[in-house]
Structure formats: structure tokens, C-alpha cells
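Engineer: Sequence:
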Amino acid sequence: MRTHQCGELRPEQIGQIVTLTGWVATRREHGEKLAFVDLRDHTGVTQCVVDNTVDVRAEYVLRVTGTVAARPAENVNSRIPTGGIELQDCQVEVLNNAEAPPFPISERADQVAENTRLQYRFLDIRRERMQRNLRLRAAVNSAIRGAMEAQGFVEVETPMLVPSTPEGAREFIVPSRQQPGSFYALPQSPQLFKQLLMVAGIDRYYQLARCLRDEDLRADRQYEFMQLDAEMSFVNQDDVHTAIGAAVLAAAEAAGKDTGGEIVKITWHEAMNRFGSDKPDLRFGMELQELTDVFAATEFKAFAGAAAIKGINASGKAEEFGRNKLDAMTDKAKQMGAKGLVWLKVAADGTFESPVAKFLSEAETAALREKLSAQPGDLLLIVADKWDTACEVLGTLRNDIGRPPVFEGPYRYLWVVDFPMFVGVDEVSGRPRPGHHPFTQPHPDDVHMLESDPLSVRSQAYDLVLNGWELGSGSIRIHQHELQARVFSILGISDEEAQKKFGFFLNPFRYGAPPHGGFAFGIDRLVAILAGEENIREVIAFPKTQSGQDPMTNAPTAVIQKQLDELGIRVLPPKA
RNA sequence: GGUCCCGUGGUGAAGUUGGAGUUCACGCCGGCCUGUCAAGCCGGAGGUCGCGGGUUCGAGUCCCGUCGGGACCGCCA
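In terms of the numbering used here, the first sequence is residues 243 to 818.
Keep in mind that the hints were calculated from the coordinates and are not lab data.
Note that the structure is predicted; figures quoted are calculated from it, not measured.
Among these hints, one or two may not hold up.
[As the list claims (entries may be wrong)] 27 Å max Cα-Cα, derived DSS-like pairs, lysine-lysine:
no., residue 1, residue 2
1, 574, 613
2, 628, 507
3, 521, 559
4, 628, 613
5, 543, 600
6, 543, 576
7, 613, 543
8, 567, 521
9, 581, 559
10, 581, 543
11, 543, 628
12, 576, 521
13, 613, 559
14, 576, 613
15, 567, 507
16, 613, 567
17, 600, 576
18, 600, 613
19, 576, 559
20, 559, 574
[To be verified] Label-pair ranges, simulated between beta-carbon atoms:
no., residue 1, residue 2, range
21, 481, 502, 13 to 23 Å
22, 803, 671, 20 to 30 Å
23, 480, 815, 56 to 66 Å
24, 547, 423, 54 to 64 Å
25, 750, 393, 46 to 56 Å
Every residue, glycine too, gets a C-beta built ideally from N, C-alpha and C.
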């Protein structure tokens with residue numbers, strides 16, 4: 243039907259007779275003999291000079307045959323790649339007409355309510371932004387596949403209808419027609435299957451896997467999302483990091499982003515200590531500084547005896563942060579569990595302007611100035627509290643104050659390793675709660691503390707972070723029954739209970755489970771960052787709204803009674 | 001489950017102290033127009049101010065509820 247695409251023609255083709263197909267982007271009329279029609283497809287637009295007698299309106303579908311001609315020098319449009327040429331002597335065939343679209347098919351629709359864009363997603367995707375994002379997504383998927391295949395990974399598909407397991411995220415459930423009253427679950431991840439593939443000798447498994455979780459939606463969370471899911475046998479952590487690293491570096495390269503070519507590795511403890519976050523954004527400094535020693539003998543009551551005192555320097559921000567903003571920041575700190583927030587502004591003469599300045603000794607002031615490299619115009623923020631509270635609060639403020647927008651590079655991947663094996667204690671059972679999942683192998687140096695000091699045990703779990711976004715996590719798994727039993731025992735899961743909950747998963751491990759570990763990262767998040775989008779809905783063709791609905795299809799909908807009858811399901815009336 | 005913000009012709013916005021569905025830009029329809037490129041000029045049509053209730057002589061505006069959208073907390077092993 244066509245010889246070229248709409249973004250393809252250049253002065254080199256002048257004189258050729260070509261045929262283009264596409265949609266009418268705009269039409270500019272100049273009397274009864276002349277009109278300009280910009281014909282658009284996903285590659286761009288070409289100006290067609292047409293006889294102004296054909297009824298051709300926005301979004302009509304055309305096939306245009308004409309001669310590629312140079313534009314007069316004064317009419318060249320340098321803003322578009324095809325701006326040096328135009329199609330003349332055009333024969334226009336209207337393949338289909340179109341109603342006026344509800345919003346312009348251009349970057350101007352970026353201002354349109356997202357709900358309207360989702361209701362007419364088929365028109366929204368016609369826009370350059372969505373075309374770019376979806377094609378980037380395809381390129382990233384392809385690069386990931388290529389990198390995994392090149393390393394000997396085998397793609398194995400795992401089922402979508404799986405048994406419900408009580409742990410973890412809330413599941414979507416699917417009623418069984420043949421077994422009324424019984425249900426499948428949709429997989430939150432292929433976790434259990436991929437480990438069984440290791441027992442099965444697949445050795446290196448990967449899958450671009452759809453995962454489903456019935457949890458509340460956010461800018462970075464949808465009910466259904468895609469993961470690069472992988473698992474490897476006979477490996478240690480570094481082997482997993484190398485394999486996954488190759489995939490995400492290839493993805494960034496496919497997107498034309500500079501990564502520096504390597505992935506930095508830091509421990510969870512260092513990440514918390516330096517950045518106050520287990521997913522630090524390395525694109526900017528403002529690191530947390532250790533101030534506990536400075537105030538070891540302080541008279542200032544808010545600091546005296548604090549387990550940890552840490553501070554950040556919001557360089558040059560003194561003027562920007564007036565009383566209102568500082569109060570709001572203090573409220574936020576308190577909401578996060580801090581007792582308070584101390585702020586000091588550095589005046590032109592180097593002295594501190596602060597409600598608490600008068601409580602600080604000269605030595606403390608001098609040490610503070612030195613540790614935080616304080617310069618006139620700086621805003622210093624200090625939290626004295628438990629170590630984790632001080633870190634988390636300052637880490638949050640650091641992001642609030644300094645974090646660059648998502649579309650700004652560079653693109654710095656980061657492995658965060660040595661996560662704690664257990665995080666906190668379950669209020670009901672009094673047992674430690676698993677930091678990752680209960681099949682995570684503890685750090686070999688810490689195994690001896692499993693029973694005596696479980697909260698100090700590090701695990702062989704790790705996260706992959708990109709510019710402050712958690713892309714995914716993984717671990718080396720427990721493959722020996724004895725160690726698994728010890729971990730279950732610490733978690734308060736009896737043999738009987740373990741058998742009941744995870745029997746189908748654990749029993750195969752008795753038949754020769756190899757040492758193995760793996761990883762999974764979210765494709766949607768990765769593509770969003772590489773596309774410079776703050777919201778993963780912008781890189782998903784047909785996403786759901788925050789209430790889990792699709793404005794285009796109106797899903798979810800009621801079903802007819804016959805369907806319910808077949809499934810043996812009765813719907814209760816809505817709660818009053 | 002909770003906190004905050006938003007809802008006004010097809011789209012995006014403005015709407016003051018409560019005083020007539022008022023305004024602006026884009027789009028749409030018609031006319032003019034031979035070098036535009038978000039063309040330009042002239043004219044026109046288009047509304048349940050999300051919905052329901054309340055206060056008031058009078059509500060887009062104030063109050064309550066509700067629905068929808070968004071950001072976040074909880075949740076996401």
C-alpha cells in the first residue's frame with residue numbers, strides 16, 4: 243500500500259514518486275486551490291501539498307501518492323526531519339474518515355486528564371510520546387532477552403493458574419468450574435516454580451513473567467506487571483549480580499543511556515548510614531554525616547544521650563526554606579517517628595541562625611561546621627534518635643530536598659547487599675519477620691547467630707536500585723533441609739505447618755536440590771526510568787486507574803448469573 | 001482503612017465578598033484566503049458547573065454526603 247513511511251523522506255529522494263499512508267495530523271487551507279496536509283504515522287509527518295477540494299479532516303486515514311519535491315528555501319521547516327521536502331502533485335485516497343478526536347493527537351494532550359487519555363487509549367497511543375515509550379519498552383525487552391540468551395539462560399513459561407499460598411501479597415483468585423468451591427490464584431511471581439526448575443536441572447532459567455498482586459495501586463505499582471525473573475544453579479551472589487547486571491546494562495544501552503558500564507555494590511548498612519535509604523539515589527551528594535561524637539558531652543538536652551546523631555547539609559538552601567517549609571519538614575520528621583528536627587542556617591558571617599544555636603558550645607559549633615562543610619547560605623538538618631530513625635528521616639529529607647527529576651541522568655545502577663535476614667518482630671507472634679522471604683540463605687559468617695541474635699543476622703539477599711527506584715530483589719536460596727528447618731523454627735513455623743503451607747515446594751528439595759539463587763526486577767519501572775517517566779502507566783499500553791478500573795473497557799464488570807451458577811458462587815449484597 | 005489535592009461546553013483553564021451559565025485559549029461547524037507548518041481573518045454552534053442533600057431571598061462559589069481521578073501513608077514476604 244505504501245512505498246515509504248511518513249518520517250522517512252529526505253532531499254535525497256527528490257524527484258521520486260512515492261506513496262505514503264497515515265493519519266491527517268493537521269490541515270492548513272489557503273484558498274480553493276491549495277492546502278497543506280501533514281500526514282502522520284509512527285515515524286513522523288510529511289507535508290503533502292494538495293488540491294483544496296477533497297474533504298480531508300483531522301485523523302482521516304489517507305493514502306497519498308505524490309512527487310517528492312524540495313521546498314523553496316524560505317519555506318524549509320528546520321524543526322522536523324522531513325522539513326526540507328514535501329509531496330507535490332498529490333493523489334489523495336481517503337481510506338477512512340474519522341470523527342473529531344476528544345483531544346489533540348499531539349504533545350498538547352499531555353495536559354489532558356489522565357482518565358480521558360485512558361478512556362481513549364487507542365488515540366493516546368497514536369501520540370508520539372506513547373509510541374516512543376512502547377517502542378522503548380519493546381527494545382528493552384529485546385535487549386534483556388538477548389543478554390539472558392547470550393549467557394545461556396533458557397526461557398521457561400510457568401503457569402498463570404497456581405495454588406493460593408498464604409504468605410506475601412494478596413492474591414487474585416480464580417474460581418474453578420470443575421471443582422466448585424476451590425480456587426486457583428494468579429501468581430504474584432513464579433518464585434516457587436523457578437526454584438523447582440533448579441531442582442529439575444534447568445540450571446539457568448529466565449522468563450519475562452507477568453505477575454499479579456491485589457494490593458493498592460500507586461505511581462510505580464499496577465495490579466499486573468512484568469518482571470525479568472531468573473534463577474541459577476551452582477552460583478554465588480556475584481554470579482547472579484554479573485548475569486543480571488549484563489541484562490540491565492544492555493537495557494540501558496538499548497535506551498541510549500550512559501551507565502558508566504559498571505554497577506557499584508554497597509552493603510545495606512552503608513546505604514542506610516550514608517544515604518538514609520535502602521534504595522539510595524546516587525545522582526546527588528548530600529550524604530548523611532556522623533555527628534554522634536561531636537555531641538558526646540553536650541549540654542543540649544535534645545542531643546544528650548541520643549543513640550545516634552546525624553546531619554545533612556542542604557547546600558545553598560537556607561534562603562529557600564522559610565519558616566513554613568521548615569515547620570512542614572519538622573512535622574514530617576515527627577510523623578516518621580523522630581522526636582524532632584534541628585535546623586541551622588549558615589549566615590553570611592558563618593554564624594548559625596537557629597532556635598537551638600544558643601545551646602551549642604563553641605567547640606560543638608566549630609566541629610559541626612567542619613563535619614558538614616558548612617558555608618554561608620547552607621541549611622543544616624540534624625536528627626538525634628535511634629540509629630535507624632535518624633537515618634530514615636534524614637534520608638527522606640535528603641530525597642525531598644535534593645533529588646533530581648526522573649528524566650535527568652546519569653543512570654547509576656547499584657547493588658545493595660547484606661540485607662538483614664529479619665526485620666523487626668511480629669506483634670502477634672513475637673517472632674522475627676523475614677526481610678526477604680523465608681527461603682533466603684543467611685550470610686555464612688552469621689549463621690551461628692541465627693538462634694542467639696537473629697536480628698543481627700545478615701542474609702544473602704540483595705536489591706538492584708536505579709536512581710533511587712527499587713528495581714527488584716533476589717537472594718541465594720536455602721537448598722538444605724536442616725538450615726530451612728532452623729529458619730522456619732525461628733519464624734515460629736512448625737514442621738507440620740511448613741509441610742502444609744509449602745510442602746509441594748519443600749518436598750522436591752529432598753531429591754537433590756542444587757545450591758541456587760536468583761533475582762527478579764520490574765520491567766515497568768526500569769522502562770519508566772529509561773523513558774524519563776515518573777509513572778509506570780506511561781509505559782504500559784492499557785493500565786488501570788488507582789481504583790483498579792480500566793476506563794476504556796470498564797473492567798471489572800458484573801457477570802451473568804449463569805456464569806456464577808456454573809462456578810457455584812453467590813454474590814453477597816453490598817455492605818450497608 | 002487513612003491524609004491531602006482535583007472535578008466548570010469536546011479539551012485545558014479563569015470565575016473576586018454568595019448576586020443572571022459569565023470569560024479566555026484550543027478544538028468543532030460555516031465562510032474567506034495560493035506557501036503555510038499549533039497558518040491567518042470573519043461568523044456560528046456547543047453547558048445537568050460530577051451527583052444528591054442542606055444553609056440562603058439567591059449557590060459554580062458556603063456546609064454535609066456520595067461518585068470519579070491523582071499523590072501519599074497503611075499494604076506490596
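Engineer: Does each hint fit the structure? Answer for all of them.
Structural biologist: Results of checking the hints against the structure:
Simply put, residue 574 and residue 613 have alpha-carbon atoms about 25 Å apart, close enough for the 27 Å limit, and the pair holds. For the suggested pair residue 628 and residue 507, the alpha carbons sit about 26 Å apart, so the restraint of at most 27 Å is met. With a CA separation close to 24 Å, the supplied pair residue 521 and residue 559 stays within the 27 Å bound. Restraint check for residue 628 and residue 613: satisfied, since their Cα atoms lie roughly 20 Å apart, inside the 27 Å limit.
Annotation: proposed proximity of residue 543 to residue 600 holds, straight-line Cα distance about 12 Å (limit 27 Å). Under the criterion of a C-alpha separation no larger than 27 Å, the hint pairing residue 543 with residue 576 is consistent with the structure, at around 17 Å. Of the pairs offered as hints, the one joining residue 613 and residue 543 holds, with about 21 Å between alpha carbons and a cut-off of 27 Å not exceeded. Proximity of residue 567 to residue 521 is assessed by CA-CA distance (about 25 Å); at most 27 Å being required, the pair is judged to hold.
The suggested pairing of residue 581 with residue 559 holds, with an alpha-carbon distance near 23 Å, which does not exceed 27 Å. Restraint check for residue 581 and residue 543: satisfied, since their Cα atoms lie roughly 12 Å apart, inside the 27 Å limit. This hinted pair checks out: residue 543 and residue 628 have alpha carbons roughly 15 Å apart, not beyond 27 Å. Simply put, residue 576 and residue 521 have alpha-carbon atoms about 22 Å apart, close enough for the 27 Å limit, and the pair holds.
Pair hint residue 613 plus residue 559 holds up; C-alpha atoms about 18 Å apart against a cutoff of 27 Å. At most 27 Å may separate the alpha-carbon atoms for a hinted pair to count; residue 576 and residue 613 meet this at roughly 25 Å. Between residue 567 and residue 507, the direct Cα distance comes to roughly 35 Å. Violation of the 27 Å bound is thereby established for this hinted pair. Using a Cα cut-off of 27 Å, the hinted pair residue 613 and residue 567 holds, with the two alpha carbons roughly 25 Å apart.
Between residue 600 and residue 576, the direct Cα distance comes to roughly 23 Å. Compliance with the 27 Å bound is thereby established for this hinted pair. This hinted pair checks out: residue 600 and residue 613 have alpha carbons roughly 19 Å apart, not beyond 27 Å. This hinted pair checks out: residue 576 and residue 559 have alpha carbons roughly 21 Å apart, not beyond 27 Å. For the given pair, residue 559 sits about 18 Å from residue 574 by alpha-carbon distance, which is consistent with the 27 Å threshold.
Restraint check, residue 481 to residue 502: a C-beta distance of roughly 22 Å satisfies the suggested window 13 to 23 Å. A hinted range of 20 to 30 Å is violated for the C-beta pair residue 803 and residue 671, which are about 43 Å apart. Checked against the hint of 56 to 66 Å, the C-beta distance between residue 480 and residue 815 comes to roughly 57 Å, which is consistent with it. Here the CB-CB span from residue 547 to residue 423 is close to 60 Å, well matched to the stated 54 to 64 Å.
For the pair residue 750 and residue 393, the beta carbons lie near 25 Å from each other, so the given range of 46 to 56 Å is not met.
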